[in-house]
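Visitor: Each chain, written out:
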Amino acid sequence: MTDATESNVVPIAEIGGPRWHSTQSRRETMWGFVFIGPWLIGLVLLTAGPMIASLVLSLTDFDLVHPEAVRFVGLDNYVRMASDPNVIKSLLVTFRFAIIAIPLTTFASLGFALLLNSSKLVGRNIFRTLVYMPVQIPLVASTLVWIGFLNTQTGWLNHILGFLGLPGPDWINSETWIYPALALIGLWGIGNFMLINLAGLQSVPTELYEAARIDGAGAGTMFRRITIPLMSPILLYNLVISLVVTFQYFTQAYTMTNGRGDPNNATLFINLDLYREAFVFNRMGYAAAIAWLLFVIVMALTLGLFAFARKRVYYAGGDR
Amino acid sequence: MNGKHRTLGATKPRALGLLVAVALVVGACNASASPSSPASQAPAPSTAASASLAPAITPVPLPPNAPGPNGGTVVSWFVGLGAGGQPQQLAAEANFVDAFNKSQKDVYISLEIYNNNVAGSILKTQIAAGNAPDIIGPVGVEGLNLFRDQLLDLAPLIAKTGYSVPGVDPKLVDFFKLGENNATVGVPFATYPSFLYFNKDLFDEAKLPYPPTKVGELYQGKPWDMAALRELGMKLTVDKNGNDATSPSFDPNSVEQWGFDMQYADNSPLAETSLFGASSFLAADGKTAQIPDPVSIGEKWYNDGVWKDHFIPSASQINSDLLDKGNEFESGNLAMNESHSWFTCCIYPAAPAKPKIKQFGFAIAPSYNGTITAKLHADTFSLLKTTKVPDAAFKAMTALVGSGELLTLYGAFPANPAQQDAFFKATEANFPGVKLDWSVPQAMLAYPDIPNHQSWVPNYAKAKSAWQAFQNKYRSTAGTDIDAELATLKTTLQGIFDETAP
Chain G
1 MTDATESNVV PIAEIGGPRW HSTQSRRETM WGFVFIGPWL IGLVLLTAGP MIASLVLSLT
61 DFDLVHPEAV RFVGLDNYVR MASDPNVIKS LLVTFRFAII AIPLTTFASL GFALLLNSSK
121 LVGRNIFRTL VYMPVQIPLV ASTLVWIGFL NTQTGWLNHI LGFLGLPGPD WINSETWIYP
181 ALALIGLWGI GNFMLINLAG LQSVPTELYE AARIDGAGAG TMFRRITIPL MSPILLYNLV
241 ISLVVTFQYF TQAYTMTNGR GDPNNATLFI NLDLYREAFV FNRMGYAAAI AWLLFVIVMA
301 LTLGLFAFAR KRVYYAGGDR
Chain R
1 MNGKHRTLGA TKPRALGLLV AVALVVGACN ASASPSSPAS QAPAPSTAAS ASLAPAITPV
61 PLPPNAPGPN GGTVVSWFVG LGAGGQPQQL AAEANFVDAF NKSQKDVYIS LEIYNNNVAG
121 SILKTQIAAG NAPDIIGPVG VEGLNLFRDQ LLDLAPLIAK TGYSVPGVDP KLVDFFKLGE
181 NNATVGVPFA TYPSFLYFNK DLFDEAKLPY PPTKVGELYQ GKPWDMAALR ELGMKLTVDK
241 NGNDATSPSF DPNSVEQWGF DMQYADNSPL AETSLFGASS FLAADGKTAQ IPDPVSIGEK
301 WYNDGVWKDH FIPSASQINS DLLDKGNEFE SGNLAMNESH SWFTCCIYPA APAKPKIKQF
361 GFAIAPSYNG TITAKLHADT FSLLKTTKVP DAAFKAMTAL VGSGELLTLY GAFPANPAQQ
421 DAFFKATEAN FPGVKLDWSV PQAMLAYPDI PNHQSWVPNY AKAKSAWQAF QNKYRSTAGT
481 DIDAELATLK TTLQGIFDET AP
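If you read the sequences in order, they're chains G and R. Here the first sequence stands for residues 1 to 320, where the numbers follow this note's numbering. Here the second sequence stands for residues 1 to 502, where the numbers follow this note's numbering.
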């Protein structure tokens with residue numbers, strides 16, 4: 001009996017052996033591909049395919065209305081961008097806005113998350129819902145509401161400022177004030193970032209705070225030494241997404257100015273310029289080149305962020 | 001082995017980081033653009049877009065090169081560039097096509113209708129894909145400009161068939177020589193003369209007589225010209241204390257009622273200054289940019305009207321609640337508005353809102369230096385050069401042009417005088433209790449702006465964006481130096497024109 005039992009036992013060394021490992025690993029790989037298959041097909045057909053097509057298009061002078069006259073122009077479109085005042089202006093506009101909007105969005109969403117994570121806040125769930133609620137409103141509709149809110153003559157904001165004895169600027173028609181106005185509109189919809197930050201805050205182990213408190217650490221020190229390091233991957237994620245969507249900024253600018261980039265091209269964001277070149281001026285080839293410029297800029301900035309964050313972001317599971 | 005492991009370990013995070021970065025960029029590039037939300041707001045614009053992209057009526061699939069169900073040559077009719085894409089118009093257009101297809105066996109019209117905001121892009125895509133329609137329309141001058149070199153010269157077909165529109169002023173026939181080398185790209189169908197709309201209640205309140213309704217009539221003993229319009233506009237501009245703009249106590253920071261504007265002029269200096277004379281930014285040589293006198297003089301008049309005399313609203317005033325966020329005349333706070341006959345669309349708000357204007361009237365456009373210019377909008381049908389069946393397409397096109405039902409349906413002022421009465425009755429039915437003097441628009445048809453304010457210039461769409469930017473700047477910025485801005489505009493336009501030079 002003992003012999004028989006012993007003969008049925010598969011040696012542990014055999015289970016973990018190379019052949020078993022290889023079969024198991026192959027099976028896992030296969031199932032992995034099965035599960036990511038739909039995404040892979042989508043990536044190839046709906047993302048990579050159009051990307052390659054747009055790269056080819058960017059080397060031509062393809063015009064929607066004169067398709068028969070398409071010519072291969074090499075890198076002409078890319079060379080032309082360097083001296084195109086609209087491209088230069090739109091890049092400046094986009095960078096200027098990014099400098100205001102990204103830090104504002106990042107800090108405000110973290111600030112709201114900290115407030116809404118506080119155990120001392122009464123009615124936390126109601127406030128969380130209220131902060132998240134604007135995200136549910138269609139962007140075009142909310143922009144139209146904001147246009148009314150920011151109007152110099154009859155907008156509520158200037159009425160409030162007037163009540164406080166402050167002069168209200170022409171938020172929408174001033175080349176200077178349009179950026180704070182757009183940043184303000186952006187702030188209204190920080191619910192998503194706030195939610196991600198909130199999830200991050202709730203994943204910080206409470207023992208760390210308790211231990212720090214025992215060691216005599218104050219709230220500021222705990223925030224600096226515990227919260228920020230443990231939140232750093234979340235903050236990096238929000239920062240990257242924020243960067244990408246800022247460089248993709250379009251809907252609000254289009255809605256506010258009917259796609260014209262008013263006032264005086266101050267809202268001619270790079271994505272709006274791309275849209276106008278492609279669908280208003282019909283220059284698809286040139287627009288494709290602008291799209292690639294945008295991609296390269298965003299890619300470079302994202303890689304820059306990752307490089308900057310390499311030693312500053314703490315991953316609990318180890319190096320990433 | 002260990003060394004190898006270390007190397008791999010060092011490369012892994014970098015490769016993984018790169019992969020994550022690419023995935024994030026690509027992923028985020030697919031999402032909706034908003035600095036405030038990464039993904040959840042994506043459905044909003046795309047839902048709106050998909051709703052507006054949905055074709056109103058798609059063409060019935062027919063085998064290529066085969067005759068239509070009635071045995072006739074298939075001709076495709078593309079609607080949406082101008083009027084015709086509104087939901088309430090679809091059934092009538094479909095009924096017209098059905099009746100036409102049943103009435104004869106030579107031509108079969110295949111109808112496709114798109115919403116106006118996407119029709120241009122769809123037509124461009126169809127041209128690029130090599131399946132462009134035969135007929136486009138109704139389409140205005142601007143729409144024709146955008147497809148100018150794709151339009152067929154109708155002159156040979158008109159000569160071949162002996163086609164003419166009875167009773168139409170020859171000036172209107174010439175108006176459609178808008179193609180390359182003055183090719184005739186349309187025939188008179190619907191015209192939209194411009195004139196003054198005035199709010200009678202505001203005149204009564206100010207105890208001022210109504211503006212003239214006959215050409216040559218004086219206003220308060222003076223010629224009815226741009227100087228008279230300015231003076232009248234100031235008297236009708238009122239601040240919150242009830243002072244008008246001619247009063248020393250008038251407060252320009254609290255205006256609640258304005259005297260004049262040219263509403264819905266598409267931010268075009270050429271449209272706005274047409275009262276000072278017809279003009280173009282393109283010199284007679286067809287390649288040089290110019291700032292014509294009417295624009296130069298007219299824009300200073302408007303600039304002063306906004307910032308010095310305060311009887312014309314600024315950009316932020318136009319978009320305020322006081323002027324119904326852009327629908328100035330409908331708000332009841334604008335006394336006079338120069339606009340086209342199609343503007344009857346926009347005097348009363350959509351139900352269930354109640355009209356703020358009780359009584360309004362039509363008046364003659366004021367003259368400048370003794371000349372009246374009443375800018376004209378005109379819709380027509382046009383054939384694309386790519387049509388393989390020009391004769392059949394022209395036959396279908398003339399049937400569309402001759403249809404009284406379509407004219408009434410589009411709310412268009414008929415070019416043919418015999419069809420005008422039906423239009424007047426249909427329009428008056430929308431304004432019970434309001435007596436409209438139709439002799440005003442009829443009279444204004446004799447003073448069209450030639451060159452038209454929407455006339456073609458090289459690189460039209462881009463040039464338009466440049467002059468719109470100028471227009472927006474002076475309307476939103478006090479103290480704009482008009483001469484300097486126009487000089488800059490001229491340089492910009494020349495650069496834009498040169499981009500398309502051979």
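Hints in this document: simulated from the structure, not taken from any laboratory. These numbers were taken from a predicted model, which means no experiment stands behind them. Yeah, the Cβ is synthetic: ideal placement off N, Cα and C, and Gly gets one too. A hint or two may mislead.
[As the list claims (entries may be wrong)] Label-pair ranges, simulated between beta-carbon atoms:
id : chain 1 : residue 1 : chain 2 : residue 2 : range
1  : G       : P103      : R       : A91       : 23 to 33 Å
2  : G       : L92       : R       : T500      : 20 to 30 Å
3  : G       : G304      : R       : P352      : 34 to 44 Å
4  : G       : L303      : R       : I450      : 56 to 66 Å
5  : G       : V296      : R       : A426      : 52 to 62 Å
6  : G       : L55       : R       : K102      : 47 to 57 Å
7  : G       : E68       : R       : E405      : 31 to 41 Å
[As the list claims (entries may be wrong)] Just so you have them, the derived chain R footprint on chain G, three or more residues with Cβ under 8 Å:
id : segment
8  : 22-30
9  : 64-71
10 : 111-119
11 : 260-268
12 : 274-282
[Unchecked claim] A partial selection of chain R residues facing chain G, derived with a Cβ cut-off under 8 Å:
id : residue
13 : S316
14 : T387
15 : A461
16 : K473
Visitor: Now tell me, hint by hint, if it's right for this structure.
Guide: Here is how each hint holds up against the structure:
| no. | hint | in the structure |
| --- | --- | --- |
| 1 | G:P103 to R:A91: 23 to 33 Å | violated, 55 Å |
| 2 | G:L92 to R:T500: 20 to 30 Å | holds, 26 Å |
| 3 | G:G304 to R:P352: 34 to 44 Å | violated, 56 Å |
| 4 | G:L303 to R:I450: 56 to 66 Å | holds, 58 Å |
| 5 | G:V296 to R:A426: 52 to 62 Å | holds, 57 Å |
| 6 | G:L55 to R:K102: 47 to 57 Å | holds, 51 Å |
| 7 | G:E68 to R:E405: 31 to 41 Å | holds, 38 Å |
| 8 | 22-30 | violated (count 0) |
| 9 | 64-71 | holds (count 4) |
| 10 | 111-119 | violated (count 0) |
| 11 | 260-268 | holds (count 6) |
| 12 | 274-282 | holds (count 5) |
| 13 | S316 | holds, 4 Å |
| 14 | T387 | violated, 15 Å |
| 15 | A461 | holds, 5 Å |
| 16 | K473 | holds, 5 Å |
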